[in-house]
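What follows is the residue order along each chain.
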Amino acid sequence: MWSVRRQAAVLFVVGLVAGLATLFGPEERLGGVDLGATGAALFGLVLVAAVALFARGAEEIFPEGSSVAERRAWIGIFFIGFVLLSFLRFMWALAQVTELPQTLDAIYAKHFLQHLFGLILAWKLMAYLIARRAGGVPLDERDLNLEHVAERAGDVALTAIIIGCVCVLAFTPVEMLAWWLAPIVLANLLIGLLIARSLVEHLVLTFAYFAARR
Amino acid sequence: MTAAVRNRIREWRLARGDLTQEQLAKACEVTRQTIIALEGGKYSPSLELAFRIARALGRNLDEVFQYAE
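Residue numbers (the working numbering), protein chains in the order written: chain E, 2 to 215; chain D, -14 to 54.
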């Protein structure tokens, strides 16, 4: 029987391949197989299996000596990373359409939102199971201090990205500005900023925990 | 990073004989990782936590914590 850590590693690799097939799979069938739909179904199964695995032995998956908050930060990176990839894929799809849709459900967005809902649900369930399996105090003042440092880094990143966006817009030819400033594109760019900020925050937090354990 | 507040938590904890990091963490309502960081001199506690630790160890505050000049 495989150890819980090895099972988690296998699930991670299968989930990554399935996730990439869902997002970047070709539109045409390959050998009669719809890679996108198959990847999405497999990805859903991996999420369910991962939640079950966390319920059985979350503490065995992470390095010994890591706290509940550090474990939560680790899974946060994986989920936000995937959300960011999904978002970039969505923006790419949006850039390909000749006429911008007026409502979110007119395009790939509906699928993206369902996808997002499943991801967030699995993420929150895993975070809950990590704390439940560990018992004791899940979060203390040291965790809050590290979170504060990570939030500040997230704010700095957000500011830098906004300045970057302003520069890009300033140097974008006028004929292309119409696309960038369309309400649906602008709304999604703002969401993208929040996702990027959250990713930076989780990366800094995880690094801070990792550095503190060394 | 080294904390500005030095402590003798490990010394007093071991002097108690049977007190593990896990038990001390539970008594002070913090994670074991925080006790590890404190004992390793990598974290300065809040005043409230410092009092809780001193009380759990059965010592006065200044016996457990000293400010590094």
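These aren't lab readings, by the way, just hints derived from the structure by calculation. From the three backbone atoms N, C-alpha and C, an ideal C-beta is built for every residue, glycine too. Careful: at least some of the hints might be erroneous.
Said to hold, decoys possible - Computed, partial: chain E to chain D, Cβ under 8 Å:
#1 G37
#2 P64
#3 S68
#4 D141
The hints, checked one at a time:
1. G37: At 42 Å from the nearest chain D Cβ, G37(E) fails the 8 Å test, so the hint is violated.
2. P64: violated (11 Å)
3. S68: holds (4 Å)
4. D141: Holds, because the Cβ-Cβ distance from D141(E) to chain D comes to roughly 4 Å (cut-off 8 Å).
In the structure shown, a violation is registered for the earlier hints numbered 1 and 2, in ascending order.
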